[in-house]
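Asks: Please model the entire structure based on the sequences and the hints provided.
Residue numbers (the numbering used here), protein chains in the order written: chain A, 2 to 271; chain B, 2 to 271; chain C, 2 to 271; chain D, 2 to 271; chain E, 2 to 271; chain F, 2 to 271.
It should be emphasised that the hints constitute simulated quantities derived from the structure, not laboratory data.
Zero decoy hints are in this set.
Each pair may be met inside one copy or between any two copies, as identical chains are not told apart.
With a straight-line cut-off of 30 Å between C-alpha atoms, the simulated DSSO-like cross-links for lysine-lysine are:
(1) Lys264 / Lys26
(2) Lys265 / Lys26
(3) Lys265 / Lys61
(4) Lys270 / Lys255
(5) Lys61 / Lys26
(6) Lys99 / Lys26
(7) Lys99 / Lys255
(8) Lys26 / Lys255
(9) Lys264 / Lys61
Next come the chains, spelled out residue by residue.
Number of protein chains: 6
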Amino acid sequence: MTEYQSLLVEQQGHIAHIRINRPQKINAMDAPFWDEMVRAFDWVDQTDSVRVAVISGEGKHFSAGIDLSLLAQAASGMGSDIGRNAERIRRNILRLQKAFNAVDYCRKPVIAAIHGYCIGGAIDLISACDMRYASRDAVFSIKEIDMGMAADVGTLQRLPHLIGDGIMRELAYTGRNFDAAEALRMGLVNQVYDDHGALLEEVMQLAHTIAGKSPVAIRGTKEMIRFARDHSVEDGLNYIASWNASMLQSEDLKLAMQAHMTKKNPEFKD
Amino acid sequence: MTEYQSLLVEQQGHIAHIRINRPQKINAMDAPFWDEMVRAFDWVDQTDSVRVAVISGEGKHFSAGIDLSLLAQAASGMGSDIGRNAERIRRNILRLQKAFNAVDYCRKPVIAAIHGYCIGGAIDLISACDMRYASRDAVFSIKEIDMGMAADVGTLQRLPHLIGDGIMRELAYTGRNFDAAEALRMGLVNQVYDDHGALLEEVMQLAHTIAGKSPVAIRGTKEMIRFARDHSVEDGLNYIASWNASMLQSEDLKLAMQAHMTKKNPEFKD
Amino acid sequence: MTEYQSLLVEQQGHIAHIRINRPQKINAMDAPFWDEMVRAFDWVDQTDSVRVAVISGEGKHFSAGIDLSLLAQAASGMGSDIGRNAERIRRNILRLQKAFNAVDYCRKPVIAAIHGYCIGGAIDLISACDMRYASRDAVFSIKEIDMGMAADVGTLQRLPHLIGDGIMRELAYTGRNFDAAEALRMGLVNQVYDDHGALLEEVMQLAHTIAGKSPVAIRGTKEMIRFARDHSVEDGLNYIASWNASMLQSEDLKLAMQAHMTKKNPEFKD
Amino acid sequence: MTEYQSLLVEQQGHIAHIRINRPQKINAMDAPFWDEMVRAFDWVDQTDSVRVAVISGEGKHFSAGIDLSLLAQAASGMGSDIGRNAERIRRNILRLQKAFNAVDYCRKPVIAAIHGYCIGGAIDLISACDMRYASRDAVFSIKEIDMGMAADVGTLQRLPHLIGDGIMRELAYTGRNFDAAEALRMGLVNQVYDDHGALLEEVMQLAHTIAGKSPVAIRGTKEMIRFARDHSVEDGLNYIASWNASMLQSEDLKLAMQAHMTKKNPEFKD
Amino acid sequence: MTEYQSLLVEQQGHIAHIRINRPQKINAMDAPFWDEMVRAFDWVDQTDSVRVAVISGEGKHFSAGIDLSLLAQAASGMGSDIGRNAERIRRNILRLQKAFNAVDYCRKPVIAAIHGYCIGGAIDLISACDMRYASRDAVFSIKEIDMGMAADVGTLQRLPHLIGDGIMRELAYTGRNFDAAEALRMGLVNQVYDDHGALLEEVMQLAHTIAGKSPVAIRGTKEMIRFARDHSVEDGLNYIASWNASMLQSEDLKLAMQAHMTKKNPEFKD
Amino acid sequence: MTEYQSLLVEQQGHIAHIRINRPQKINAMDAPFWDEMVRAFDWVDQTDSVRVAVISGEGKHFSAGIDLSLLAQAASGMGSDIGRNAERIRRNILRLQKAFNAVDYCRKPVIAAIHGYCIGGAIDLISACDMRYASRDAVFSIKEIDMGMAADVGTLQRLPHLIGDGIMRELAYTGRNFDAAEALRMGLVNQVYDDHGALLEEVMQLAHTIAGKSPVAIRGTKEMIRFARDHSVEDGLNYIASWNASMLQSEDLKLAMQAHMTKKNPEFKD
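Replies: Printed below as a string of structure tokens:
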């Protein structure tokens, strides 16, 4: 496995555990972070033995979002022509977006385990995950508004699919904090656990359950749900029919059926 | 009315009651079921005196989903060429999808009354209904993942419009059971009643209420909500303007207005 | 400021307060109302010093929806040719839709403060607002079904983005009343307050908070959320990258950053 | 093969030849025609040994379009309520559209061989075919405008993909005649032949050529071109990748490759 | 009729003739032009007796495009904040776009008669018309590239629907001149006439022909072709079915049918 | 510049010339080709001094398409499970598509200069270029059909935007050869030159012309045309308004304007 600086990347059985690893900086997302996210999730995507990924934060918090020094540095790199600066900014944003697109488009489910601060860019990140779970101490905020900017790495595009449009706008316009209980009520997280330890234990258990399912079926299911988000029901139905035209010829169906008959757990290949 | 084998189809006043009728097989969906669904809902759609449909299950359960013998039979019909098998599978899936498209595209509202097991293909079915109500004993599961396959008759396309994307993925990846109370919390069902009897009574009462409204207005409302699901707000607004260009010339408006003035219940034509 | 007949339009600091002003008619939406809405929200949009708008109802209710005399008048204007009537009706609907499109497309956030009746066309209106708050006495109903028609000024297109599809259809098919507590549970309103006084106070406080944020960032955020509703995640990501290409060159970022460093409240230009 | 009244349906080797067969009525499209088209193209679609279809007209002309007696009959079936009439008309149009959708969605290529009149509904029909060839005597006209109506069975939707938008509108607004030479220049037909005999001979030769290709590859190619017409390039690329995931496992590739190596003609299974 | 400064607006029978009227400035599009275009085409749209519009240029040329003094003036109105300038520019562009959207969305056909220079913004304008005809002396150029900018009032969006994508890009990247003969070959104009006099005579004759058709049918046809440009074939088919649900109840069908039977010219109401 | 094996990559002033460089294999596209295309066009995209790219073939031909040994090799890498094979094939296709997406999404115009064979995958490649020019000896063929497969790296998605849908299908179904003159008639190429020498000279001259324009304006123009291909006119208009909000603040406009006034050639920065 290649070297990482701002992440900790481990494989435990079929589960990849990716930790944001700048605890002394509240896991602020610095320049290496954005590149390493692409690298880490490409690795998750490409590595057959990895079936599920969990993302969490080292130390006391999940993440405080983008490192402000990165914004300062971007500002200092501007030239004298507004048009060319605009092109440069545009491409920078597209490059940052790639980090979380790598999560969204990863063929394997990605679960976020959130404790402590989950602020600004961290909301963009968890919005790109498949599912989110939190400990009671989690604190969330769409902080970009207080930086004088509209969030541009995914929150405004992906979060409305997770929570109601009305509460979405209140949070995005005010940047106010909200806690785990409110996050649960609005559907942002699926479950709240007592503390960081319980959270990780339960999330790992869930990851383990998913890793035991047919990888072919899990990957197809993720692709279909993601596709359905952006297309009509009819296009989605046509897509799954074309997709399953080959996937239903997989041996996993036979294995699953036999397991069902014999009441045993099936063992699927990667 | 034509003969049905796996369904019971009745008309009570303006209400069609369609019951899945294989109680000894937990209402598993066999070959005749899929064809009869198309037939039954074409009949609902075409029959002017039918204004609302209710779908429920005979016996102790709503339905255990697709009959596994049907999958086995499909598997045995495969030839030696993978490409031609793929074409055959694709067309089979499209054919099965037609059964629940017939519910979704039916011009009249369809209400699901769910008790006992509602598993696998049964989730695909209720996702295509307009509204869902359950009794306390209902148990739900997106079971396809445990058959080694991605659900392909509508759950992955339609369910995300009913429940949050986050809980959607948890249920689809794990295939875990959930009960009526959780279904209510996530918005899958609108109401939970104490038992099967209370459920049917309340659902029939609701169907009766809807049947008393202007059929022209109800059909237009369903078409608009369905269309809005798959199109932009702007396209939806343009569509209703074109639609109502003729429908507001219907006599139902005058009838409704007179009834409003005289505080009487209007009697609409079919 | 120009004259209004069916609205009261005031500016308080950076906040525009727009009141529906026909209390003796339960704020029913008459002919002047629809034109004045366009005018009022054009003014909100164009006036730099206005950063947020609040909409509420004078007297005991928010609004009873479209004035029935307007429908009667439209009916009396019909000619003898069904085709030409249809064209006229279509254009009338498109003209009415403009009133609430002006709210939806307004570049500044619009907050609805709802007390008493919020019926029929009033639901179309609040569906086009950014956020909704209610007092405990509020009563809601998608009343169009009882006029013998499908709602055609936005409810059926915008409301499904705010509440679950299942409860949406129940309310649209039955036209039944629901109260503030149910509206809160389904996500239609973000918060319920004890009475009209508390409601207005809290909504004004919220408007004040939003007015203190960078206007450039707020306007960008609203545009992005609205765009995301009608486009794919990918198109939305591309759009924000192009948008922020210029907006991140605004001085508001520097102001916000300095304020962040010095722990002071930033003062943004209009 | 089932009985046909307004069509002649024959199979010659791998080619289905479908002839509009009301020569004494200039092949006007009567009630049986519309149903039989659906039936004939379902048969083409389902019958493995049919690989290509040709559609032409018996007698001196291709077709004069919809039979006016059909319109008269539809008019006489109207009731007293404008709204319910509108619903009936809408469904009738959707039913007629099915006849030409059956051509467009047929998995096998459909070639139109056009001589003499090709008027009104006949333009809607040939617009739904894959390719069009004409003899020098062919005369075309988008005649619907002279019936006081906008064409509603496909011309206005499909023809702009075949010819330029500018000439499209001229033809649709004026209903003027144009000949085979002009049809060739605007891209409506691919080739013009001297007379009906030469036309049929060449079209049959072309059909024969296509029938010699891999049926799996031909069907995939048609599906992809049709899909591309209605979707973004990106969605199209994703679709072909999913489609070919199974189709490239077909034995036809090996057969084609061997034929290529040995310079022989491959013999593909149906 | 209201006063115009940069346009000449006349009605001749059912035909509106709109002339760009700054011949001493090669009909360059100044500030009043953009507002008056909206006004003129709103008038065309609203005035029942107008059935077709023709647009041409006074003097020796059609138009040299946007008046450069307008650009200079816009530049001088810029403030010190790049973000706020960007918002202002964006809204200005959207306002200019409205002038040609008024042509595109006008319910009646608009025919461009082009002689002499047709440069820059003039290409944006004719791209929004239904059809284009030219005299032999016409000279075209997508000149914006030589102003250091991408065309932003419609050429890049609408022209690819009229001419091939390949030649489109050559013209947009080089800004080179092309003449009427080349415009005809690429499908930009439908016909080329010898001189300005013959051009106007023929275009007026064409307008007269179209004005003689059913206005209900013409307006429906334009709406359907425009809609088809931006939607899938399937959405287009559904739209025309809903539209014609009322329009086929118009008396124009009966009039047209009677005229057809009696071989007389029908006289349609406006 | 990095090393290339199957390409020759040169920079001449502002022009990148990329030559397919396997003349002894008729420039068949082998494994290195596909990776190097991504690398070469990333370099074109990123290198400010490159403003236009030209792609041509070394030796006697442009390219014979994909190297058949690559297909054979892919076939030999298949495992025993059809489902997992399908996933592998799908990802391989997506990876190959990236090579030509890199051309399509490259911010700078790409011109294809075609001589000799342009077969199979070579059609996919030139379909992704901005413009195409050929010498008289060019021979084209959508050859994939004779490999027993539907083309899957872009021809079926992009070519219909360049040539008519009718001739498109004839070429895709038959795989027949066509020459430069026919390619010109159908709009596939913009111009035909006498021989390879004249072709390269003229294409280089064209590239030189484009390189002299404002790079900011050229890049914006390409982005807008590409976007328009896949989106509605309305979305395209909104996009250019947001884009030009910053680009019209570029100094290139002032430079262009001054050059226009002084009749000199402007010198734009990269």
